[in-house]
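Listed here are the chains, written in short residue letters.
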Amino acid sequence: MRIFGSKWLWFAVFAAVWTAAGYVLFAGGSTGRDTALVRAPERIVAAAPALTEILYALGLGERVVGVTTYSNYPPEAKDKRVIGTFWQPDIEAVVATRPDLVVTEAFDQQAHLAERLRRLGYCTLSVDVWSVAQLYEAIERIGAVTGKGAEAAALLARVQGNICHVSAQAKGERPKVLYVIQTDPLRVAGRQTFIDELIELAGGQNAMGPTVQKYPPIGAEQVIGSRPDVIIAPEMAGVQPEALKQYFARYQSVPAVANGRVYVIAGDTVSRLGPRIDEAVQTIAACLRLEAPGSD
Amino acid sequence: MREPLTMRLLLARLLPAAAVLCAVMLVCALVGTERVSLARAMGLADAGTGYDYEILFRIRLPRVVLAAIVGAALACSGAVLQALLRNPLADPYILGISSGAGLGTIIAVISGVQWTLLGRSPIAVFAFAGALGTVWLVWLIGRLTGRRQVTHLLLAGVVVNAFFSAMIMFLTSIANSSQVHATLFWLMGNIMEEDPLVLWISGGFVLSGIVALFFMAPSLNAVSFGEADARAMGVNTGLVQAGAFAVAALITAVAVSLSGLVGFAGLIVPHGVRLVFGPDHRQLLPLSSVMGAIFLVLADTLARMVVAPAQLPVGVVTALVGGPFFLVLLVRYSRRVDWLTR
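Chains as they are written, first to last, in the numbering used here: chain A, 636 to 931; chain B, 3 to 344.
If you're looking for bench data, these hints aren't it; they were derived computationally from the structure.
Be a bit skeptical, because a hint or two may be false.
To be verified - Between beta-carbon pairs, the in silico distance windows are:
#, chain 1, residue 1, chain 2, residue 2, range
1, A, 862, B, 168, 46 to 52 Å
2, B, 248, A, 862, 28 to 34 Å
3, A, 661, B, 172, 56 to 62 Å
4, A, 697, B, 28, 56 to 62 Å
Claimed, not checked - Take a look, some chain A residues computed to stay more than 12 Å from chain B by CB distance:
#, residue
5, 652
6, 698
7, 701
8, 707
9, 708
10, 744
11, 746
12, 747
13, 754
14, 756
15, 767
16, 788
17, 800
18, 864
19, 886
Virtual Cβ for every residue (Gly too), placed ideally from N, Cα, C.
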């Protein structure tokens, strides 16, 4: 019983002392300031490309001091300091920009970045941007926190006006749209996505029914069974228009394929839920209205 | 035949290694994507503000310390499991800790729970619980198959690992992309700065675990010869196995809850130390711990600098850097020792 002797007692005592010492030394570490208290921040970091777009659209471009790797719009944003990628932001780089406000998205990894920054005493603002309604809300909140409430209202009015305009033009039967996210394996946009909303706003309907996954991988059976009138893929799915047509060529019973209505559209506006969604809706609507093949 | 291990020899090896660890930690805290000056950071230290102070003492140092804690825990626990299972392929994750913790993590991410326990995020709590729960399950199955059979324990671990991995993959396939990403980075090992209190307590935990295992080292030496021999030498093998397993699993679970699944460190560091310094566990355990800490601190420093300003998961670096380094050691030293004993 040499192992389980009185040493365990000593361990217990040691652990208790150690833990107590830890609390004495480190308890009550600094907590972050509440975002609601910041007014008119001068140095803002945007932790996602869509957030960069929102800040620029609100006229805050001058005050943005840090963006993520793929923040490519507006083009000026590419000259800003990069603080890492959307998924792997570098907290040192964020701190090095000396921000007085860091805007992040609200899901796990981005929220974790915000939490770590708050622990260091930085002001953060986390917004959910999953659906069109949340996007509008995010624009309003960012506007309110940065003292650009009027600009936010104007931006929302313009975007919503443009979208209403497109929606109003849609008439007749709503064409069924299969929105391809990637081809190998084939994955498409399901019902609980903002792309589904964009399709609806553009006057179409999602060819996919309700699914467990947001972006379900599907097989040949579902492609045929969903009978899409139009197939759309964003450029960033990495497919060329010809390759995409060839990929779907074997499904001749699918109306979209039979009528040559397989389109590849410019990626960023549609794949990114940001202040350019009116353009995204217009792009999708244009695909829905095109009757003749090969016009893209 | 090498010279017998004395306290003096042990200290002569351990103290320089510890000194190297301190030096490595200091240097690694000073390099990074942003240039900081130690002098300026110290000058502003009492103010508690300032750019250099913040990056050096509130971001980098906690991160370096975390890497050291995790590296020490994994390497020590790897050495213990290699001895207990008498299998050179054993590592801290072999009895299901990785998949159990991974499953806990993805459940935490998917269910979206937000509460925290003692300042730890739900991911850390679930990972810890998953890790310990799985080890307990594997241990239980191993006991059911017959208490003298290490092979059965190993098989139970491998199968439970495979089963839970399948569940992880199933959950990953139905999760949405942001959840998948969060889990993926965790599964590849993700070291970040932590709250000092968390570091202090987990550091103390790991340190006491290593000390406890050090006290079991003579019995581990006996057990690694084979159970029958150990019993003949008067060692209570059941007690040693249960105790060492429990402590190794605990410190691994702590490491995993801090950093995700940092692979490879727990496999190659003990082997490296064994190749160079010999298989005596009284020396192997403390030296592995220090070397593991050095190794992971270096790997993590590379991970945050190579593709800056983005960061690599540290598990990628441990395998990329550690693999070739280990092969060099293997070729250079393997003639001198047989695998586990002698």
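We went through each hint and held it up to the structure:
1. Between residue 862(A) and residue 168(B) the beta carbons are some 34 Å apart, a value that contradicts the proposed interval 46 to 52 Å.
2. Residue 248(B) and residue 862(A) have their C-beta atoms about 60 Å apart, which leaves the hinted 28 to 34 Å range violated.
3. About 40 Å separates the C-beta atoms of residue 661(A) and residue 172(B), a value inconsistent with the hinted range of 56 to 62 Å.
4. Checked against the hint of 56 to 62 Å, the C-beta distance between residue 697(A) and residue 28(B) comes to roughly 40 Å, which is inconsistent with it.
5. The Cβ of residue 652(A) does not lie farther than 12 Å from every Cβ of chain B; its closest approach is about 9 Å, which violates its non-interface assignment.
6. A cut-off of 12 Å between C-beta atoms confirms that residue 698(A) is not in contact with chain B; the least separation is 19 Å.
7. The claim that residue 701(A) lies off the interface is violated: its Cβ sits roughly 10 Å from the closest Cβ of chain B, which falls inside the 12 Å cut-off.
8. Non-interface call for residue 707(A) relative to chain B: holds, since the shortest CB-CB distance, roughly 16 Å, exceeds 12 Å.
9. No beta-carbon of chain B is positioned within 12 Å of the beta-carbon of residue 708(A); the least distance is around 20 Å.
10. Interface exclusion of residue 744(A) from chain B breaks down, the closest Cβ pair being 5 Å apart, not more than 12 Å.
11. Distance check on residue 746(A): its Cβ comes as close as 9 Å (rounded) to a Cβ of chain B, failing to clear the 12 Å threshold; non-interface status is violated.
12. Not every CB of chain B lies more than 12 Å from the CB of residue 747(A), the least distance being 7 Å, so the non-interface label is violated.
13. Some Cβ of chain B comes within 12 Å of the Cβ of residue 754(A); the nearest lies about 7 Å off, and the non-interface call is violated.
14. Taking the minimum C-beta to C-beta distance to chain B, about 8 Å, the non-interface status of residue 756(A) is violated against the 12 Å cut.
15. With a minimum CB-CB distance of about 17 Å to chain B, residue 767(A) clears the 12 Å threshold, and the non-interface call stands.
16. The claim that residue 788(A) lies off the interface holds: its Cβ sits roughly 29 Å from the closest Cβ of chain B, which is beyond the 12 Å cut-off.
17. For residue 800(A), the condition that its CB be more than 12 Å from all CB atoms of chain B holds, with the nearest at approximately 31 Å.
18. Under the 12 Å C-beta cut-off, the non-interface status given to residue 864(A) relative to chain B holds; the minimum distance is some 27 Å.
19. For residue 886(A), the shortest C-beta to C-beta distance to chain B comes to about 24 Å, beyond the 12 Å cut-off, and the non-interface label holds.
When each numbered hint is compared with the structure, violations occur for hints 1, 2, 3, 4, 5, 7, 10, 11, 12, 13, 14.
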